[in-house]
Every structure is written in C-alpha cells, then in structure tokens.
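Trainee: Sequence:
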Amino acid sequence: MSSQYGYFDDSSREYVITTPKTPVKWVNYVGSLAFGGIVDHTGGSLLCAGDPGLNRITKYIPQMPSSEFKGSTLYLRVRRGGETKILTPFFTPGLEELDSYECRVGLSYQRIVSETGGIRADVTIFVPTGGKAELRDIRITNTGAETVSVEVIPVVEYSHFDALKQLANADWVPQTMMSEALPLDGGRMALLQYPFLRRDGAVNFLSASLPVASFESDRKRFLGENEYGSWRNPGALAGGAPLSNYEARRGDNIGALAID
-15 MSSQYGYFDD SSREYVITTP KTPVKWVNYV GSLAFGGIVD HTGGSLLCAG DPGLNRITKY
45 IPQMPSSEFK GSTLYLRVRR GGETKILTPF FTPGLEELDS YECRVGLSYQ RIVSETGGIR
105 ADVTIFVPTG GKAELRDIRI TNTGAETVSV EVIPVVEYSH FDALKQLANA DWVPQTMMSE
165 ALPLDGGRMA LLQYPFLRRD GAVNFLSASL PVASFESDRK RFLGENEYGS WRNPGALAGG
225 APLSNYEARR GDNIGALAID
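If you count the sequence shown from 1, position 4 lands on -12 in our numbering, and the numbers rise without skipping.
If you're looking for bench data, these hints aren't it; they were derived computationally from the structure. Remember, predicted model here, so these are calculated numbers, not experimental data. Every residue gets a Cβ at the ideal spot worked out from N, C-alpha and C, and that includes glycine. Heads up, some of the hints might be wrong.
To be verified - Simulated restraints on C-beta separations:
(1) P112 - P46: 22 to 30 Å
(2) L181 - S133: 41 to 49 Å
(3) F(-8) - D155: 25 to 33 Å
(4) R63 - R234: 19 to 27 Å
Let the hints inform the model, and build the full structure from the sequences given.
Mentor: As structure tokens, then:
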C-alpha cells in the first residue's frame, strides 16, 4: 500500500520514500550506543560517540527549516563541455527539482537514489557492526549520451563535543576548533578535526577511498562572500576552481573533500 510519500517494500524490508518533501525529516538510526546517530532522508546526519550531549560530532539542529543543510550533504560538480553545474543529489540544500528520487529506509542503513540531468547518484549510509565511523558508499553513473566530468564533494559540519556549549557559548567555541590535513598513500588523505583541548584524545576525521584533489575545512571560505554565500550555492564550488586546501585554526570547522 502506498501513500503520497512512499510505500513499504516487503521483499527488501524497507520503507521507500518517493519524495524529498515529506512533512518532517524521516530519520533512521545507524550504528550503536557506542558510536552512531541519526541519518535523515535528505542525507543529513547527527553523529556522536556515546553520550550525544557530551560527545557530539556533527552539527545537526532539528529546529532549522527542512530546506537547510543539517550536518552532512553531498555535492556533484559536473562539467559538460564548457559549462559547470552544481548538483545536490539529496535535494537539500540545493533544492533543485530532481528527475527521480527515492530513499530506502532499511535496518540501520539509509540508501538514497536520485537522478538529475543524466547523472545518477546511489548512496548507502551506514555504520559497520562494532565500527566507529559512518560510511557512505557513493556510486555515480552517467546515464546520458554526452561525456561529462563529475567531481564528488562530500561535506560535513562539525559541532563542539559539548552540544550545549556549541549553542550557548558562541564566542568561545569557535576559538577552540581546529582542522589538520593528514596525507595518506596513493593521493588519499584524512582531514582531521578537533577542539584544541582534545587534540591528544578524541579526533574526528573525514576521508575517502579515492585520491583527493583538494579540500576545505573553513565554513566561511566554503560558503564565500564572508558567509553571505549559502549552502544552496557555495561560492567555493562556483567557477570550477579547486578548494582552498586551508587548514582551519579557529572558526566554524567543516570538512569538504573534492574527488575527481
């Protein structure tokens, strides 16, 4: 039986959401009490290690409008001929209509499949059993007749580990947040992030299984125009230039990796 928002797929034991414009965010739990959190139907995530009040990782504010970026997302920078276009396959925060969309809500995983402009994205989000990392299996397919170049850019925004301080101590928290690029073999890298006072202990990281062409760790630089740019149309993605490779030493920390 289906509704205007989706249907149960009994054979795969999934609820299939067929529109990103649901009345509220449809969240799914991933991971465990030791590490995990929630993932919504437009790719946003709230992650924590243990206590979500005292070991928060990503900045997810449920009270913000559903159209807003929340914790994590995915951009595609598509070059076709001399034209560059930015796509957001999770619908938010770009808000451009998709040719097709479904989110399959499974047992401790979320799978989002969408297509727009001849580019199909198939992303499965989960935490391995006993693991301490959220994984996103991203598969991009060109379904059109033209040759295109696609740059895949996953993005996360970090929270201070003390979730209440993140909201209530806005002058101090940004002064403590830092990011650091750690080169790995084969052109890969891990973009580390941590509050200064926890630099020798709990460290967050964003990484990929493929070589990274460029990265960004500062929200102001990514959004552009002194943050009068927006998550809907980040200045750092306009025009096709590489990300700045800046290692933030304060401010609002993000992680963004550009993967060719």
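Trainee: Determine for every hint whether it applies to the structure shown.
Mentor: Evaluated hints:
| no. | hint | result |
| --- | --- | --- |
| 1 | P112 - P46: 22 to 30 Å | holds, 26 Å |
| 2 | L181 - S133: 41 to 49 Å | holds, 42 Å |
| 3 | F(-8) - D155: 25 to 33 Å | violated, 48 Å |
| 4 | R63 - R234: 19 to 27 Å | violated, 34 Å |
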